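S.K.: The primary structure of each chain is shown beneath.
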Amino acid sequence: MNYFQSLRGAAWMATYLFFILAPLFSLMLTPHPPSRDFWTEFSAAIGYAGLAMIGLQFGLTARFRYVTEPWGEDVIYHFHRQISLVALALVIAHPVILFTLRPERLAALNLVTASWRARYASISTYALIALVALSLWRVRFRIRYETWHVTHIVLAVVAVAAGLMHMVGWSFYLSSPWKRSLWVGLTLFWLALLIYVRIVKPYFLLRRPYRVTEVRPERGDTWTLSMEPIGHPGFRLSPGQFGWLTVYGTPFKITANPFSFSSSAAASDGRVEMTIRSLGDFTSTVHSIPVGQRVYLDGPYGAFTLSGRSVDMIVLIAGGVGIAPMMSILRTLADRGDPRPVVLLYGNRDWESVTFREELDMLTSRLHLKLVYVLDNPPEDWAGESAFINAEVLRRHLPEPYAAHEYFICGPDAMMDTVETALTSMHVPMTKYHAERYDFV
Amino acid sequence: MRRLYADRLVLFTAVIVVGLAAVFAWLRINEDQALAAQTTTGDVSNGQRLAEQHCATCHRVGPAPGHGSGQVTPLFRVAARPDTTAESLRAFLSRPHGRIPPNTFSAEQVDDMATYILSLKP
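Here the protein sequences line up with chains F and P, keeping their order.
Following our numbering, the numbering of the first sequence begins with 1286 at its first residue and continues without gaps.
Following our numbering, the numbering of the second sequence begins with 229 at its first residue and continues without gaps.
Treat each hint with caution, since some may be false.
So these bits of chain F aren't anywhere near chain P, every CB distance computed over 10 Å [to be verified]: (1) Met1298; (2) Ala1552; (3) His1653.
Cut-off 20 Å, straight-line C-alpha distance, at most; resulting in silico cross-link-like pairs (SDA-like, lysine to any residue) [to be verified]: (4) Lys1464/F to Ala335/P; (5) Lys1486/F to Leu1383/F; (6) Lys1717/F to Leu237/P; (7) Lys1464/F to Phe320/P.
Hints in this document: simulated from the structure, not taken from any laboratory.
Treat the numbers as computed from the prediction; the structure is a model and nothing was measured.
Ideal placement from N, C-alpha and C gives every residue a C-beta, glycine not left out.
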């Protein structure tokens, strides 16, 4: 993340807070009802803020490039997950405070006898609890990703719509027509974001299909999917970015899969490649995709790309199929004749599963490239690095000052954590490295 | 590190939102202090008349049992609750409840009724 991106990030953070707090403080404008005690007012405020936070969740996952770029997709999705816990805490604290002040209000929890405005509150809260619980324990409950995704969307819509009905029904702050219009309008805007992602955007993607031109086997149970645009010029790719791939079905299908592009960004004919390792889910079916298959690509996304800053060295740290975005960077640098020194530290299980091994050797003749292979199970005559990439390995192969280089890290979670900790111990600031995780969704 | 960074953003957001929600509540109660003080100057007899006209369908109106329909909490019991204040009554009477539609009473009428109900405090 460079200085400009940091500035954009701060601006977006301010915008995010504005969308939560401005509608809340607008309730103070006249005409407004007389106030109650502090805790009742505080309870109302966190209820309104909680609903606004839930509504904004639709925006965080709407794949707006200019929203995700300053942070990276992994940070946005992690924020989306964690902030939902805060929103849930606020939504639950709202009635808990009211019940504590007046225990007889607990009668509102009885869905049979309660008023509709109380029922809507219960429905909204229960939907939100179910939504968060299913997200936290999807794997433990053995829920298919596609099933969870549909349920997630339905519960989110119910939580927001019922929350709004509760507010309007209670009518304490929203008795004024313009305040009611503001909150109803905001809710419709949040729901419109969902319609944009699930209907409008897929409609445009439907008109920009791709055709699979090759399914190429690579080392390490990995496949490269080559695709060309049909009847359109494709998109402009930055090396290291990723896209959402839909193979069977239309873009309206609920679940697309995110994969890094591995092809050079210097290609001018719109062709792109994704390199995918067979890991047991959709990825295990990639080898059987027929040539000529029509596919859809939503992208490119991601901030895992060359910043354009003047750096003395580019350091790529990959684990397993984390090599895919690195290949895009290396191929692009080679095609552009970039003279800057590049070091690739590349961790793999064994020598035979080193994806792109032969091409990497060839790239050393086109780039100022140093290759450092790190193997879990090296062959007996192996003279290179073994075990895993840590601070010692980095110090052995990189010149000082370490903070002068630009780093790119992509691989399994454990490797990412180890490398990020190592870079911190080497006094490399977070602004000098980019990280891409497989499992951000 | 990047997840830690995202966690810090979440914590920052939570602190700002909860903090400003508290500011919202504080501003609200301070803003209405002057207004709330006027409540005690409401017209008790007009408040009683309004209560008999609008509340007696459901509530018992008056200082003791025996008046009104008695379907829900009598007004003298509402007045006796320890957390019933001029502000809480004003807030309650300003929004629709039961058969009372929105915007039934003017601010002065709300003051009169709140003053009347408080006068029932034992």
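S.K.: Going back to the hint list, which numbers does this structure go against?
M.R.: Hint check: 1 and 5 fail, others pass.
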